[in-house]
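*Asks:* Protein chains in written order, with our numbering: chain U, 1 to 337; chain S, 1001 to 1337; chain E, 2001 to 2337; chain R, 3001 to 3337.
Check the hints yourself; a few may be wrong.
[Stated by the list, open to error] Mimicking SDA-like on lysine to any residue, the simulated pairs with C-alpha atoms at most 20 angstroms apart in a straight line are:
#1 U/K276 / S/R1133
#2 S/K1070 / E/G2033
#3 E/K2034 / S/E1045
#4 S/K1328 / R/V3093
#5 S/K1061 / E/R2169
#6 S/K1034 / E/I2042
#7 S/K1276 / R/K3259
#8 R/K3215 / E/G2275
#9 U/K70 / R/K3215
#10 E/K2061 / R/T3244
#11 R/K3199 / E/R2169
#12 S/K1061 / U/G275
#13 U/K61 / R/E3045
#14 U/K199 / S/P1132
#15 U/K276 / S/G1058
#16 U/K61 / S/E1045
#17 R/K3276 / E/P2064
#18 E/K2259 / U/G275
#19 U/K23 / S/E1304
#20 U/K199 / S/N1305
#21 S/K1034 / E/G2275
#22 R/K3061 / E/P2078
#23 S/K1023 / E/A2321
#24 S/K1276 / U/R48
#25 S/K1276 / U/K34
#26 E/K2061 / S/E1155
#27 R/K3315 / E/E2060
#28 U/K34 / R/K3259
#29 U/K22 / S/N1305
#30 R/K3077 / U/K23
#31 E/K2276 / R/E3051
#32 E/K2215 / R/E3035
Bear in mind the hints are in silico, worked out from the structure with no lab data behind them.
Chain by chain, the residues run as shown.
Number of protein chains: 4
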Amino acid sequence: MIIVLRSDVSQEQVDHIVDRIKKLGLTVHLSRGKERTIVGAIGDESARIQESLEVLPGVEKVMPILKPFKLVSREFKPEDTVIDIEGIKIGGVQLQVIAGPCSVENLAILQETAESVKEAGCGLLRGGAFKPRTSPYTFQGLGEEGLKYLKQVKEKTGLPVVTEIMDPRDIELICKYVDVIQIGARNMQNFRLLTEVGKTNKPILLKRGLSSTTKELLMSAEYIAAEGNDRIILCERGIRTFETAVRNTLDLSAVPILKRETHLPVIVDPSHAAGKWDLVAPLAKAAVAIGADGLLIEVHADPENALSDGVQSMKPSKFSALMDDLRKIADAVGRSL
Amino acid sequence: MIIVLRSDVSQEQVDHIVDRIKKLGLTVHLSRGKERTIVGAIGDESARIQESLEVLPGVEKVMPILKPFKLVSREFKPEDTVIDIEGIKIGGVQLQVIAGPCSVENLAILQETAESVKEAGCGLLRGGAFKPRTSPYTFQGLGEEGLKYLKQVKEKTGLPVVTEIMDPRDIELICKYVDVIQIGARNMQNFRLLTEVGKTNKPILLKRGLSSTTKELLMSAEYIAAEGNDRIILCERGIRTFETAVRNTLDLSAVPILKRETHLPVIVDPSHAAGKWDLVAPLAKAAVAIGADGLLIEVHADPENALSDGVQSMKPSKFSALMDDLRKIADAVGRSL
Amino acid sequence: MIIVLRSDVSQEQVDHIVDRIKKLGLTVHLSRGKERTIVGAIGDESARIQESLEVLPGVEKVMPILKPFKLVSREFKPEDTVIDIEGIKIGGVQLQVIAGPCSVENLAILQETAESVKEAGCGLLRGGAFKPRTSPYTFQGLGEEGLKYLKQVKEKTGLPVVTEIMDPRDIELICKYVDVIQIGARNMQNFRLLTEVGKTNKPILLKRGLSSTTKELLMSAEYIAAEGNDRIILCERGIRTFETAVRNTLDLSAVPILKRETHLPVIVDPSHAAGKWDLVAPLAKAAVAIGADGLLIEVHADPENALSDGVQSMKPSKFSALMDDLRKIADAVGRSL
Amino acid sequence: MIIVLRSDVSQEQVDHIVDRIKKLGLTVHLSRGKERTIVGAIGDESARIQESLEVLPGVEKVMPILKPFKLVSREFKPEDTVIDIEGIKIGGVQLQVIAGPCSVENLAILQETAESVKEAGCGLLRGGAFKPRTSPYTFQGLGEEGLKYLKQVKEKTGLPVVTEIMDPRDIELICKYVDVIQIGARNMQNFRLLTEVGKTNKPILLKRGLSSTTKELLMSAEYIAAEGNDRIILCERGIRTFETAVRNTLDLSAVPILKRETHLPVIVDPSHAAGKWDLVAPLAKAAVAIGADGLLIEVHADPENALSDGVQSMKPSKFSALMDDLRKIADAVGRSL
């Protein structure tokens, strides 16, 4: 850790700072330049230590050298983590596309959608039973009934299922019915929820928050890993910017950055970022080209009658054509689909 | 609701759109211009209705005319809501400053801080027992022990207390000990938590999310109000922008915008936005001048040894001087403190 | 244009608004709903007209129906514009990669870099003679000397050259030496410069501003087209967001959005967005997959000794390998390179 | 400067890095930690030097210790700069309000507006003769005719005048007619224009760019100062964020940050940020409370017929009432108006 002192720092303040660092168990290294005195503090760089130094009189800024996450970092585990979900592997050479409706609405539509996405080559089915909606007056999901449909459709199609959790009180219920638990963008820093899913033995699909940095995403993954669950799939789904032509701006540069920083698999959700189905295909292609380990795509057998997010859902026929296009790009970048 | 059709819309598509609108129970009004056909749809403008129209072939965009929130809107209730917390009124002519430490750490420091902020003129005490921290390896709060300290200090000083809730499972516990429940910025769209606090009879202090618009803040307040609890205090605490010189950019324009759109009181938290105590005073002054109904300020009797956010906490002496300065500005804008 | 009136609008105000719209030569269409009165105004929707209506008492908001740009819109010209630069075509099936050093530094390095990028398959050479630098104390470019080197290298290699203009006073000079004039991101709304380059007969490479929407980019292109020059190449190069892991966030969704809205070719500059050479390759691949018509890439024969932006420049060997990778993705999406 | 090396750096790379730093004339200080080797480089920290180190193999990041601006920094000149414009002082105890129409439209309206703002207590008059407009089809300003009107009105009222420059070719012309030259937000990084106005002897009013950090604003001021002109007034006018309820988000925290970093006066333009006149008053009050040295406010004697930005212009009567309110707040914070 480098502590830059103010240009007007007093000797007394320097002494006090050095003293505090030593008491914290770090090695001190003082360097007086013509314009600034800087202090190197070697040892523990936890946020707690940083904070206790920032507050000292005479300190201008504290610059950490090390990264604040450990278990999820590539330095901790250099090789890629491959997560096995009933035989479907995420994080290896083969890409996985997780598709399905935004919300589970009824058994028939879910079954029809599931069959079509399986036919198109998907390995997992997604569907929301608990839906985070901006307005209290819109459809909030079917709850346990939706989970039951997911399990029934899994039994028929063999596709493992992914669903979102919004409340720590639902954990037991959700674990009974599904194979992968999703933490949505709005809950990326719901630290209690992270801690709870970290105690389960289910793989966790963790979406990046709308205004979260990649570093914060990794810190949230660290929360889960710190509880003992390291089967975490990271998901880029668009960030909030000033641009109004899309719902969110898909930050594809996050994919190579995350792949460099962490051993965890990284997938991309083009549907939520686009906000409209006709942008999903080009964004999905770019995601495969840039090195994503998979995609999360909204597909609905009857988007015109969907109870949520119909406008960003693809019809099965369009989705199937997209899968063919993606297969070619996957080949071109040395992956398979 | 105005539905703008694509320039290449077919007659068949227009007929289908008109038909759907009628089936939704809305009155249709078709207007053909030289360059665009637009459809006025008069009646229910809920998100659900909008979504079901956006998805129709031939539709370019759907533009709502009405606001998506009702109960919290000033059109619904033109006069200001004044919230009474054991005699302390928020939303009236008198400003209220809620001060105290970021986290409750021990009884002595809390007691000392509480006495100093009461002495300086504050009407309420704040203190966190459950803390949302970016890193799993930092101090997470004392939990129930912290709540007990808050209650003890309230009994001694008479100051009603405010604390943050992070988990719906803690509601009963928190309600036993505190007077106002805070929803933090990271939980502004934790819709389950909003629904749960909406069922309590405690006033709710709802902080704006880091990347939430003022409209989304009002939608989250609507979630609480829809459950029957309309004692909601809105709080601007800084938004995420590209600027790195502050932790967050305090959006003071949100205050007059919110005051125009809603009858609820609006307060400002300069401490979290600033990220450093020396910016707290100027931001607090600006907040009073722009018309905020109160402030939420971090004060700590011993910031150098604080377990969280010490760098943004004011010492009691500096805080007391600030209160004197704020009193003058309050006078200048026709308020009291 | 739809004018939404305030809920408390008076009859007198409505009459005044209707009267003004008629005087502006538009057809008025009044619609009284239960909660809002709205006015449709059919005819000219220029910014001038909008502004003169927004200001009227009783008006809540003015919502335009039409787009503010004409000449560059796809509605004005449905087929793709293909720009021919001495036989090199941008905007057709074949992708074009424009490569070269950030700044022209000396003849030898430029010549060496040009030969390598030609060898790798590039059709155009880039190089800055006038450089916009954040600090007044860094290298600002060679000026006319740099332009001369560009022309000399063009004569030897046959590669048409692209260079940036920063000042309207340099137009004649630059036109003498180069084939394509670049408007940098910081000058996207330098309207005088746009007007001046609009009067030349050179193709213009117009970069998106760091905080400009795609609509504003198209308005800036409209400035150029309005002067009679419709040979405009749009370039996405990253926008400013809160993320600090990259210099700028490359907004690849801008590519399909622009291709839908305009007939002009759209290319992508991954080098400036990434800010570091090792991110350039993945971003370039994604850009090809999403449908860009070309790329602008910084290549430097000796990045370690570059006078500007060395850290984001690729070495010729790495660049050549990238071109091979891009060729495969171009094939996969039905383009050639 | 601190250079953090990659965890996998080789000894050969370390040697090469140390060698380069020495050749650049800096003193090297090597520190090997358990997890990272870091190199301190003491001496010149210019952007040029930083860049040449960032590019070296084995370097993870380069962290500057010093600030990139010199002449405008408070370390260079600790006392406040007070700029005297024909007896009107900006930067001292007395606040200055610069008011007037967005564009100069005709002599009569300008004269009427000027008299009213003088009457209300303003020391300077603003008015645009060259207008940066997003659309090429809107009013672009009267040019020299507008400058003449400004000079005539100055002669009658005694108010020094401020106008915006957009093109280096207009410098001589503008210097003939006006007292303060404004650089608009869109030209904050038009480095050629900065250099040119730096060569004049006129005070420069430099507006912050829509997506520029406070540090970048200071770097642009440094461009002007580096040419010998240190009479620079900085102006915060709103930044671009995701919030759509205002045109731009006024970043009032920039005022105390800039006042800490620089000796130059800092004023605030609430009109452009608000985008609507009814938000101007609360924002202006907050700006005075937070410590701005002055305000720039749009006032128009007949906003309904203004040719640009009428919707954000105040009428003289409302402006005069605002000035009375501001005077009270100025008093409350120990300033005068």
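*Asks:* Against this structure, judge whether each hint is valid.
*Replies:* Consistency of the hints with the structure:
no.	hint	verdict
1	U/K276 / S/R1133	35 angstroms, violated
2	S/K1070 / E/G2033	17 angstroms, holds
3	E/K2034 / S/E1045	12 angstroms, holds
4	S/K1328 / R/V3093	18 angstroms, holds
5	S/K1061 / E/R2169	43 angstroms, violated
6	S/K1034 / E/I2042	9 angstroms, holds
7	S/K1276 / R/K3259	15 angstroms, holds
8	R/K3215 / E/G2275	19 angstroms, holds
9	U/K70 / R/K3215	32 angstroms, violated
10	E/K2061 / R/T3244	13 angstroms, holds
11	R/K3199 / E/R2169	17 angstroms, holds
12	S/K1061 / U/G275	12 angstroms, holds
13	U/K61 / R/E3045	17 angstroms, holds
14	U/K199 / S/P1132	18 angstroms, holds
15	U/K276 / S/G1058	14 angstroms, holds
16	U/K61 / S/E1045	51 angstroms, violated
17	R/K3276 / E/P2064	18 angstroms, holds
18	E/K2259 / U/G275	17 angstroms, holds
19	U/K23 / S/E1304	14 angstroms, holds
20	U/K199 / S/N1305	32 angstroms, violated
21	S/K1034 / E/G2275	47 angstroms, violated
22	R/K3061 / E/P2078	47 angstroms, violated
23	S/K1023 / E/A2321	59 angstroms, violated
24	S/K1276 / U/R48	16 angstroms, holds
25	S/K1276 / U/K34	27 angstroms, violated
26	E/K2061 / S/E1155	51 angstroms, violated
27	R/K3315 / E/E2060	19 angstroms, holds
28	U/K34 / R/K3259	24 angstroms, violated
29	U/K22 / S/N1305	15 angstroms, holds
30	R/K3077 / U/K23	37 angstroms, violated
31	E/K2276 / R/E3051	11 angstroms, holds
32	E/K2215 / R/E3035	47 angstroms, violated
In terms of the numbered hints stated before, the structure departs from hints 1, 5, 9, 16, 20, 21, 22, 23, 25, 26, 28, 30, 32, listed from lowest to highest.
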